[in-house]
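Place chain E on chain W using the hints.
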Amino acid sequence: MLSLQNFSKSYGDTLVLSIGNLSFDHGIYWIKGENGTGKTSFFRSLAGIIPCKGTIQFNDGISLHRNPVAYRQYVNYGEAEPLYPGFLTARDLMRFVGKTKGTAVQQQDLLATDFGIDTYYDNPCDTYSSGMLKKLSLALALLGNARVIILDEPLITLDEHARSTLLNIVHTRVREQGTIFLVSTHQPLDDTTAVTQAYRIYNKTLSPL
Amino acid sequence: MNAINTVLIKVLAREFYREHAVLFLVTFGLAFGFMSKVEHLAIAEFFISQPLLTLIPVALWAVYTARIITFNTHILRQDENGFLYNLVFITHFPRLAALAVTSIIQLLPALLYGIVLTAIAAQHHQPLVVLVLLVSMPMLIAAATLGLNYKLHHPNRQHRVSGLQRYLNRTFVKPQPLYFIGWLVRQRALLLFWSKIISCLLLFAVLKLYTTDDYDLRLLGLGTLFAFGLSIELAGELHRFNNLHFALLRQLPLSQLNRITNFLVTWLILILPETGLLITRFPASFGILGYLSVYSFALSIPFLFYNLFYMKDRAQEDIMKIVYGLGIGWFILILFNIPLAILAITNIIAGIVLWKRYWYTFEYLAHNTKKTEA
Chain W
1 MLSLQNFSKS YGDTLVLSIG NLSFDHGIYW IKGENGTGKT SFFRSLAGII PCKGTIQFND
61 GISLHRNPVA YRQYVNYGEA EPLYPGFLTA RDLMRFVGKT KGTAVQQQDL LATDFGIDTY
121 YDNPCDTYSS GMLKKLSLAL ALLGNARVII LDEPLITLDE HARSTLLNIV HTRVREQGTI
181 FLVSTHQPLD DTTAVTQAYR IYNKTLSPL
Chain E
1 MNAINTVLIK VLAREFYREH AVLFLVTFGL AFGFMSKVEH LAIAEFFISQ PLLTLIPVAL
61 WAVYTARIIT FNTHILRQDE NGFLYNLVFI THFPRLAALA VTSIIQLLPA LLYGIVLTAI
121 AAQHHQPLVV LVLLVSMPML IAAATLGLNY KLHHPNRQHR VSGLQRYLNR TFVKPQPLYF
181 IGWLVRQRAL LLFWSKIISC LLLFAVLKLY TTDDYDLRLL GLGTLFAFGL SIELAGELHR
241 FNNLHFALLR QLPLSQLNRI TNFLVTWLIL ILPETGLLIT RFPASFGILG YLSVYSFALS
301 IPFLFYNLFY MKDRAQEDIM KIVYGLGIGW FILILFNIPL AILAITNIIA GIVLWKRYWY
361 TFEYLAHNTK KTEA
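Residue numbers (the numbering used here), protein chains in the order written: chain W, 1 to 209; chain E, 1 to 374.
I should point out that these hints are in silico values taken from the structure, not numbers from a laboratory.
All of these numbers come straight from a predicted model, not from anything done at the bench.
Using N, Cα and C, we set each Cβ at its ideal position, and we do this for glycine too.
It cannot be assumed that every hint is accurate.
[Claimed, not checked] Keeping only pairs whose Cα atoms sit at most 27 Å apart, straight-line, the calculated DSSO-like set for lysine-lysine is:
#, chain 1, residue 1, chain 2, residue 2
1, E, K10, E, K196
2, E, K312, W, K53
3, W, K204, W, K53
4, E, K174, E, K10
5, E, K356, E, K321
6, W, K99, E, K356
7, W, K204, E, K312
8, W, K53, W, K32
9, W, K99, E, K174
10, E, K208, W, K53
11, E, K208, E, K174
12, E, K312, E, K356
13, E, K196, E, K208
14, W, K204, W, K32
[Claimed, not checked] Label pairs and their computed distance ranges (CB to CB):
#, chain 1, residue 1, chain 2, residue 2, range
15, W, N59, E, T361, 34 to 44 Å
16, W, N21, E, N86, 50 to 60 Å
17, W, N59, E, F71, 52 to 62 Å
18, W, S129, E, F331, 43 to 53 Å
The shape of chain W in the complex, shown without the other chains (with noise of 0.2 Å):
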């Protein structure tokens, strides 16, 4: 489970978003909100790349401003629009982050076999079209054995293949590994995920639909 407590996140003196007290247990949740209202600094922020107030933890104690290097281990992130180094391959990305992550090469492999990232394996990013650098990013994103994955506009660009591929990734570590996934997203989700719970941010704080 994920705690969050008195969260807030802040552009200098302009509150974005506070939210006081929340917790995910495993399942998929719905981040909602018009663009502009705070999600990406949200779901940046929970990944510990842009810098928050409060308390974020998991229930055995490991917390993002305490343990943030354990916290980051146990994170992975998807960003909406990702970009990488030009001269940078997929394998290149998929070992490097699967390294720090403790991914097994076979199970980078298999991500990438998955969303057809092999077919482009050793060309450099810059040759990538914008749903071929998507797939990639999540595919990194669901690298080793992550409690919670995030994921920002998952859907977009997305061919049907790799959507149908990303959901049922998702539904099997809902269902064999109580992960928990934040995911926001525009387009509606298929029939067959059954959202967990859905929120929306409005006024500055996160609220449950």
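Showing chain E alone in chain W's frame:
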């Protein structure tokens, strides 16, 4: 002037002059500040004395035209300028005419000088030179216009990955310290090139002085300060790479020790040319301890600045104030014979403290992020 010309001039021509304002300022400053009318005329007469010599300014204009084409390509690739690709839907003649007007405005300094040269050549009865100039100027306009037209028709150049490159990519997975260097070589090649050339020349000159006379270590300390002080901008680029261009790095479970080690390895690779100079030309009289103190001082300067960047996302002018302040401080301390090893240790400790204190709390301000992405 129609709407198309207005947009092209605003997006391409005006931006071209804005980006190259310093270059034009220096060129005009040198041309009209230091040179008299007689000297200008003498140079012009030299250029028009033979058709072969006329090719000197023509070659320079060709380089200038190539720069215009690469600049226009760069502008077209920016997301916000994607609307310009709609120009391909306009029929040939009005489109080419509009592109030619923009190209002429961008080429204006070269064309004006070309007209002056043509007039002088005509006065000196040099018909062949006049012909060369009258042919070359429209060619420049045509090259810039057609280059821009080609880019409008080929927005997504096909990247081909050779079999050899794929084999190398499959066989060798790139190590992390090469990420930044690879990025730097592709994105900031000129910055890397000039900072290395200048720092190596500075170090070379200072080390050369030791072969002619006896100086103490302070001279080399000052030389090191200036030579490696130039790498502060590279340290800034590394900081932006690690926190903005490749922000995924911040999300990965890498220990502080791992991140510091990666910084050091990256930096040791970056300063290989200077290291080579120091190893081969270091004055033997200072011994290994002298060498280590100079080298550690050289490393400590970018290390301290790299970590200073984590304190706060500062504006360029604020960073320059800090650079000058610390630079003057080091300069005075070196003159007062404070050992370089002590300065190095102080810098490294300060760097580590800043790293530990600010690494997790750092974030780029929105306006600086936008500026970089653009």
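Hints not upheld, ascending by number: 1, 4, 10, 11 and 15
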